[in-house]
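Peer 1: Sequence:
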Amino acid sequence: MTAPIPPATPEPDAKDWTWSTSRPCADCGFDPGAETPVAFPARIEDLASRVVVALDRPDAADRPESTIWSPIEYAHHLADVCEVMARRLDAMLETDGVAFESWDGDAAAVEGEYWRASAHVTSILLRERAEGAANSFAAVEPDQWSRRGIRSDGVEFTAESLGLYLLHELQHHAHDVGA
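Position 23 of the sequence shown, counting from 1, maps to 23 under full-length UniProt numbering, and the rest follow consecutively.
Be careful, since some hints might not be right.
[Said to hold, decoys possible] Pair ranges (Cβ atoms, derived):
| # | residue 1 | residue 2 | range |
| --- | --- | --- | --- |
| 1 | I150 | R116 | 17 to 25 angstroms |
| 2 | V110 | P142 | 34 to 42 angstroms |
| 3 | E128 | G105 | 15 to 23 angstroms |
| 4 | A91 | S66 | 32 to 40 angstroms |
[What the hints assert, rightly or not] Result set (DMTMM-like, lysine to aspartate or glutamate): computed pairs, CA atoms no more than 25 angstroms apart in a straight line:
| # | residue 1 | residue 2 |
| --- | --- | --- |
| 5 | K15 | E111 |
| 6 | K15 | E141 |
| 7 | K15 | D31 |
| 8 | K15 | D104 |
It should be emphasised that the hints constitute simulated quantities derived from the structure, not laboratory data. All C-beta atoms in this analysis are idealised placements derived from N, C-alpha and C, irrespective of residue type, glycine included.
Kindly generate the complete structure, drawing on both the sequences and the hints.
Peer 2: What follows is the structure, given as structure tokens:
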């Protein structure tokens with residue numbers, strides 16, 4: 001079903017996805033133990049590119065079910081996630097132990113009207129923001145991977161675990177769209 005209408009206001013995603021930084025995901029196959037910080041930039045761009053390819057499909061605007069995002073909506077979400085994570089990483093490198101601003105991906109989807117986005121514009125946005133995130137992670141010096149940031153719910157990340165969290169998000173949603 002095509003998604004030109006606003007979706008119902010989603011229930012907040014209360015699931016704690018931070019486990020994905022320390023153990024494999026059975027759904028998408030992401031294994032944080034197989035990742036190395038030096039490879040984060042290339043992995044970010046590779047995973048984003050896989051999602052961009054899915055936007056070329058004729059059904060990219062179609063939701064498989066009314067409550068499941070279309071590939072375009074997932075890609076727009078990932079573009080925003082890349083931007084948020086790059087901003088958080090930059091803040092961590094500036095100030096160890098920085099408190100992150102709260103960000104609600106579901107609310108961002110409604111506010112940003114992801115369901116109205118075009119595949120072309122979304123592919124450009126995802127490429128640009130993935131490149132920005134990759135550049136931010138490429139700039140991390142070896143002694144900075146332990147720098148910390150604290151999410152509004154009290155969850156603490158290091159620069160390395162933030163990178164793992166982003167990689168899981170990208171791989172999981174690439175899996176969601178069949179990329």
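Peer 1: Determine for every hint whether it applies to the structure shown.
Peer 2: A quick look at each hint next to the structure:
1. I150 x R116: 17 to 25 angstroms: Check failed, 34 angstroms falls outside 17 to 25 angstroms.
2. V110 x P142: 34 to 42 angstroms: 40 angstroms, holds
3. E128 x G105: 15 to 23 angstroms: 19 angstroms, holds
4. A91 x S66: 32 to 40 angstroms: Between A91 and S66, where Cβ atoms are some 37 angstroms apart, the hint holds.
5. K15 x E111: 21 angstroms, holds
6. K15 x E141: This hinted pair is violated, its Cα atoms lying about 32 angstroms apart.
7. K15 x D31: 19 angstroms, holds
8. K15 x D104: Distance of about 13 angstroms is within 25 angstroms: holds.
When held up to the earlier numbered hints, the structure conflicts with 1, 6 and fits the remainder.
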